[in-house]
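**Student:** Each chain, letter by letter, is given below.
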Amino acid sequence: MPVKRSPDYWIVACSVALLVIGIVMIFSSSAAIAAQRYNDPYYFLKRQMIWAFIGISGMAIAMRIDYRTLSRYSYLLYFMAVSLLAVVLAPSVGHSVNGARRWISLGFITFQPSEFAKLAILIFFAGMLAKKEAEGKLGDLQFGYLPNLLALAFVFVLIQFQPDLGTALIIGLVAFFMFAAAGVRMTFIVGTLLLVLPLICASILTVNYRMRRIMSFLNPWEDYRDSGYQIIQSFVAMANGKFFGVGLGNSQQKLFYLPEPHTDFIFSIIGEELGFAGALLVLGLFATLTFRGFRVGLKVTDRFGSLLALGITFAISAQAIINIAVTLGLLPTKGIPLPFISLGGSALVIWMVSVGILTNISEHAK
Amino acid sequence: MRKNRQTNARPTTGRTNVRARIVTTCVVLAFCFAALAARLAQLTLFSDERIEEFSEKQKFGSINLHMPRGLISDRNMNDLAVSIRLRSIYANPRKLKNYHAVARTLAGKIEPKSKIRRDKLRKKLEKRFNKSRRKYFVWVKRKVAPETYISVKAANIPGVGFVKESRRFYPKRDIAAKIIGFCGIDNQGLYGLEYRYDHIIHPVESKSIVRKDARGRPISMPASFDIAASLKPYDLVLTIDERIQYISEKALERRVMSARAKGGVVIVMNPHTGEILAMAEQPKFNPNNYSSYKSGSWKPLGVSQSVEPGSTFKLFVAAAALEEKMVTPNETINCENGRYEVGGKYFKEAQNHRFNKLALWEVIAKSSNIGAIKIAEKLGPEILYKHLRAFGFGELTNIDLPGESRGLLRPTAKWSLTSLPSISFGQEVAVTPIQLATGISVFANGGYLVRPRLVKALRRDGKVIKTIKTEIVRKPLRESTARSITDMMIQVVRNGTGKKGAVPGFTVAGKTGTAQKIDPVTRTYSEDKFLSSFVGFFPAENPRLVILVMIDEPVGVVWGGSVAGPVFAEVASRSARILRIPGAGNEIYEIDWSRMLKGRLDKDKSEKQDYRRTEKTETGGEPGDLVDLFRSVIDSVKQFI
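The listed protein sequences derive, respectively, from chains V and S. Position 123 of the first sequence, counted from 1, bears residue number 123 in my numbering, the numbering being contiguous throughout. Position 363 of the second sequence, counted from 1, bears residue number 363 in my numbering, the numbering being contiguous throughout.
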């Protein structure tokens with residue numbers, strides 16, 4: 001049996017640092033909007049701080065629970081995730097914002113099931129894949145690969161109804177990475193992707209706003225007043241930032257120029273207020289988190305732990321990379337928040353719990 | 001141990017194979033992070049001209065600091081013109097979902113009472129919205145009453161917004177309106193002192209460049225704000241005394257009504273300083289609603305109307321003769337028994353009097369035309385002309401009110417044979433009331449021609465910044481001559497034509513005038529149209545006030561002494577009490593403004609028809625409704641000041 005060692009403090013330190021930066025930047029970027037909308041500049045800050053407290057508690061708890069017990073609940077978690085994703089679609093329960101039904105309102109707080117689903121499905125796949133491998137069925141198409149694929153497809157369909165392409169994309173990416181990391185034959189994976197590709201293309205081409213987003217990504221100046229507006233404002237924010245930034249709280253772009261400065265485009269405000277240095281620090285923290293996570297995944301001796309650690313790490317870094325790439329104009333606008341930093345309570349809690357699990361796994365790395 | 005188990009279990013997917021995949025992924029991610037860092041550096045550290053330019057363009061805007069106009073107050077700091085903050089309603093036609101519905105709602109809120117006006121407004125708005133469908137901004141209604149703003153705001157119509165604007169408000173309504181004038185919708189002075197002193201009381205175009213947020217709101221007060229504050233407009237303190245202005249207007253109004261006259265002017269002036277304490281006129285107008293009056297009715301007749309003065313002019317002829325020492329006050333003048341021929345024309349006395357021999361002072365007291373002609377003849381055209389010019393006739397007094405007329409005093413080269421005699425008793429010469437009052441002041445102040453003026457001081461933030469000084473233009477008379485004329489004027493009131501101008505408790509110096517007006521049709525002197533006047537000052541021993549009264553075209557009794565004299569007496573006696581001029585009782589005349597204003601408002605409601613007011617409806621409001629409006633804003637005025 002693997003010996004218990006000290007946890008990977010790099011991971012804890014990085015994630016807590018990101019969380020703190022997040023809280024500061026949420027206040028800085030949302031105060032004007034909050035004052036405007038809710039007559040209270042601290043509106044978002046207060047909420048995010050409550051969530052951060054819950055998140056840190058969740059992380060502390062997750063760090064103390066042996067991750068191996070999670071494998072026992074992988075089916076249950078999958079079932080819960082699917083149920084919540086189904087429930088959110090019910091008009092009486094689901095809370096819709098801007099036409100997307102993604103939230104469950106519990107009165108005082110809203111909860112986003114797809115965030116929970118992300119982690120639950122991760123654990124589920126880690127469990128499934130480890131089990132299939134142990135059973136020697138991983139190379140088997142019918143009994144090894146297809147059940148996983150079907151489980152994934154089902155979640156996909158549910159998320160599509162919300163719709164929430166961003167989360168679906170992350171879940172898809174993470175799932176296929178885990179398939180690959182588990183040792184599923186590349187022919188299966190590539191084959192599946194080739195089959196799915198037309199579907200993805202169709203879903204982009206048929207939904208008007210997705211197409212527009214892609215077009216405006218290719219040339220934001222074409223329509224700088226409308227579809228290219230957000231990305232150009234993000235460029236302006238970065239350009240304002242220079243090396244050390246305009247200083248905390250001094251952002252121009254958060255004053256209604258840049259939409260969503262406290263959620264999807266918070267990185268632009270970091271770039272503006274803290275400059276290249278501050279933004280690079282954030283990038284560095286994510287990179288460190290990624291490499292430490294991969295190190296844990298490579299070093300941990302049991303299959304479930306390894307896959308879970310890799311999945312969590314990959315999910316964090318993939319989401320961070322996509323979000324930042326969007327703000328830098330390298331990818332079309334997606335609607336994917338920046339882990340730990342963007343406003344969003346349920347996401348923050350889930351990320352902190354995930355990091356807690358990752359830390360727990362690191363205690364078992366050799 | 002694990003490794004063995006794994007290789008045994010899954011020979012096809014060896015541990016090394018999986019590890020390679022994971023490491024590859026890790027490297028790909030590392031590459032991604034590196035790419036992001038590079039892109040970040042590019043965007044933050046290297047400026048892109050297009051982005052910079054775009055950023056600059058959107059970042060700055062100009063804001064109007066919205067400084068209200070300076071106050072105008074009377075000499076005792078009673079407000080005559082104030083600025084109040086009102087909201088203006090605008091619409092963004094692009095955001096209006098259904099402009100018909102919006103026009104209907106707005107019309108209902110803005111004109112809740114009158115259906116006719118509501119429908120009219122609705123149609124106007126529909127037309128305006130329809131015409132500017134592609135625009136982002138159209139006015140709905142500017143400077144609405146506070147309750148209209150509240151009710152429109154409560155309707156919460158998308159695409160309809162408000163801006164704060166300041167609006168000029170004249171709390172005393174038509175009191176001194178002709179002097180003060182009024183402002184246009186953009187607060188630019190259009191008439192009267194508002195126009196004349198626009199550069200002083202109009203705020204400097206205080207637009208300054210500021211950083212703004214995406215919605216165009218300024219982020220911080222600009223650095224230039226302090227400068228802007230120092231450019232705050234001045235407040236104007238007038239020489240007008242609100243109380244004297246009021247009693248003058250009242251006295252004049254009553255007389256014009258009772259004499260069924262066309263109009264009239266009263267000027268009350270300090271002869272020593274040139275300060276105008278009151279300039280009352282009939283007809284008048286309410287500057288709060290100037291657009292519903294004929295444009296001609298805005299003119300201050302006191303400075304713009306040139307009239308043939310008639311007998312009051314004899315004073316200046318007599319003064320010239322005394323100054324030249326060609327006559328003495330007691331010298332006898334042969335008045336030719338009421339008939340005198342000059343240049344083939346027979347001149348007669350008024351009322352067909354027949355005077356034989358009169359002393360010079362009697363010529364003035366009895367207002368003999370022929371006596372005046374005789375005096376003028378002694379002077380000759382050149383000397384008379386020189387003296388009349390010295391009194392300021394035919395030239396501007398340079399009073400600080402726009403629209404001043406020079407009057408008419410032709411050079412002697414253009415005189416005919418009958419010009420000299422005609423001029424001697426005030427025909428063939430035209431003067432403005434202010435010229436006449438200023439001329440009379442020369443007798444009252446010991447021989448000095450002063451510049452008449454309406455502004456006493458400029459103030460800012462409650463402190464007097466500049467006091468306007470008395471300007472002496474020249475000295476046309478010796479003091480002794482002025483004194484002699486004063487003595488003659490005293491006789492006018494004691495024993496002559498001006499008995500009705502007497503004021504109990506005072507010695508009054510005065511002169512009457514009843515000028516025939518030129519009939520515009522026949523171009524000859526009219527038999528029934530007169531300009532009746534009374535000019536004078538008191539107390540004669542130590543003159544404090546010069547008062548001029550002119551009644552234009554009275555019906556019935558037309559004699560200046562009878563028509564204008566009593567107005568003089570009333571204004572003089574009441575002013576004496578207000579100013580506590582020694583000789584009068586000590587009771588202080590106070591105007592209860594609230595009661596007065598209320599009375600006026602009620603009166604306005606009952607008798608809407610004001611003579612010479614035109615029914616002009618295209619501007620929208622009728623005075624009656626504005627009464628309500630202004631009544632409602634009186635409170636906000638009080639708050640504002």
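Careful: at least some of the hints might be erroneous.
[Claimed, not checked] Here are the simulated DSSO-like pairs of lysine-lysine, each with C-alpha atoms no more than 30 Å apart in a straight line:
1. S:Lys131 to V:Lys334
2. S:Lys113 to S:Lys348
3. S:Lys131 to V:Lys242
4. S:Lys95 to V:Lys334
5. S:Lys325 to S:Lys345
6. S:Lys131 to S:Lys113
7. S:Lys250 to S:Lys232
8. S:Lys357 to S:Lys345
9. S:Lys164 to S:Lys123
[As the list claims (entries may be wrong)] If you want the footprint, here are the derived chain V segments under chain S, 3+ residues with CB under 8 Å:
10. 140–147
11. 294–300
12. 319–325
Treat the hints as calculated values from the structure; they're not laboratory data. Don't be surprised by glycine CBs; every beta carbon is placed ideally from N, CA and C.
**Student:** Now tell me, hint by hint, if it's right for this structure.
**Tutor:** Here's how the hints hold up against the structure:
1. S:Lys131 to V:Lys334: violated, 40 Å
2. S:Lys113 to S:Lys348: Given pair Lys113 of chain S, Lys348 of chain S is violated - Cα atoms ~63 Å apart, limit 30 Å.
3. S:Lys131 to V:Lys242: It is violated: about 47 Å lies between the C-alpha atoms, which goes past 30 Å.
4. S:Lys95 to V:Lys334: holds, 28 Å
5. S:Lys325 to S:Lys345: holds, 29 Å
6. S:Lys131 to S:Lys113: With a Cα-Cα distance of about 27 Å, the restraint between Lys131 of chain S and Lys113 of chain S holds, given a limit of 30 Å.
7. S:Lys250 to S:Lys232: At roughly 36 Å apart (the allowed maximum being 30 Å), Lys232 of chain S and Lys250 of chain S break the hint.
8. S:Lys357 to S:Lys345: Roughly 21 Å between the alpha carbons, so the hint for Lys357 of chain S and Lys345 of chain S holds.
9. S:Lys164 to S:Lys123: holds, 25 Å
10. 140–147: Since three or more residues must qualify, the claim that chain S covers the segment 140–147 of chain V is violated, with 0 doing so at under 8 Å.
11. 294–300: holds (count 3)
12. 319–325: Our answer is that it holds, as 3 residues pass the Cβ test (under 8 Å) against chain S, meeting three.
Violated hints for the displayed structure, listed by number in ascending order: 1, 2, 3, 7, 10.
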